[in-house]
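Asker: Sequence:
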Amino acid sequence: MEVDFPEQDASSTDEEDTVSSSVSDDGDSSEMNDEDCERRRVECMDEMTTLEKQFGDLKEQLYKERLCQVDIKLQEVIAACAQEYLEPLANLQENMQIRTKVGGIYQELCLESVKNKYDCEIQAACQHWESEKLLLFDTVHSDLEEKIRRLEEDRHSIDITSELWNDGLHSRKNKKKDPFCPVKKKKPVVSGPYIVYMLQDLDVLEDWTAIRKFCMHHRRRRRWGRTGSRLMSLPRLTDTTIWRGLRRADCSMTASGSAEDRPCVSTRRTNTLPVP
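Going by my numbering, the first residue of the sequence shown is number 95, and it counts up by one from there.
Think of the hints as simulated: they come from the structure by calculation, not from any bench.
In this text, all values refer to a predicted model and were calculated from it rather than measured experimentally.
Derived DEER-like restraints, expressed as beta-carbon distance ranges:
# : residue 1 : residue 2 : range
1 : D295      : L238      : 27 to 37 Å
2 : N127      : D165      : 52 to 62 Å
3 : Q201      : C162      : 47 to 57 Å
Lysine to any residue pairs mimicking SDA-like chemistry, simulated, CA-CA at most 20 Å apart:
#  : residue 1 : residue 2
4  : K227      : E239
5  : K158      : Q148
6  : K241      : C309
7  : K209      : I199
8  : K195      : A184
9  : K241      : K307
10 : K241      : R313
11 : K241      : L229
12 : K153      : Q163
13 : K307      : I242
14 : K241      : H312
15 : K241      : T303
16 : K307      : D248
17 : K209      : G198
18 : K241      : A304
19 : K307      : L296
Each residue gets a CB set at the ideal place from its N, CA and C atoms; glycine is no exception.
Given only the sequences and the hints, what does the whole structure look like? Please build it.
Answerer: See below:
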């Protein structure tokens with residue numbers, strides 16, 4: 095801030111003139127009396143007092159001007175119109191907008207991630223439910239098939255047992271009624287070689303039941319394929335079961351005893367049975 099001091103400039107010029115005149119006077123006269131010195135001293139003191147007063151006035155004026163400028167800046171800041179306030183405020187607002195935009199994008203991404211996790215959980219739960227439902231359906235279906243198979247086997251075994259039991263009782267009753275007059279049986283006509291069994295009825299029944307179970311299991315495996323470990327394993331028809339009667343039978347056609355007293359089974363039927 096520039097301030098003009100016209101009075102100070104005038105006093106400085108007067109002082110210079112006075113000094114120059116005094117120097118010239120000293121040059122003119124080598125001796126000065128006491129009155130001139132006292133007069134010069136008083137003049138200098140007056141000038142010094144005047145300068146000090148002017149300096150105080152200027153200092154007070156500068157203070158007031160600075161205070162007025164500060165008050166004006168403060169009012170501009172309060173009114174939000176000062177340049178020192180508007181520029182940082184604009185930077186802060188720009189940073190705020192950027193951070194708000196970034197925060198909104200981050201919020202959308204977080205919501206999308208949570209939604210995707212929720213959808214994944216729902217899909218996993220549905221797939222687990224579907225798999226459990228299919229597994230339960232397969233298990234129940236296999237159990238029902240197994241029960242049906244057992245019922246069919248029991249029905250066939252009961253039919254065979256009842257037939258053999260009725261035949262045995264009928265033969266025993268006939269023997270008791272007329273033991274001395276045996277009824278002549280018609281000789282069965284067999285074409286080709288035959289096997290003569292020397293087994294009891296219960297042994298024949300067991301072998302026949304095992305053969306029927308194996309045949310049913312073989313047909314089921316051919317139709318449905320392998321059922322896996324869920325189905326109960328069926329009794330396998332071994333060579334011991336198939337040829338159990340052959341070890342006790344007389345395979346010779348000239349064996350003792352007549353063919354009418356022994357049941358005959360053609361080998362053509364046994365050859366058609368699948369042997370594992």
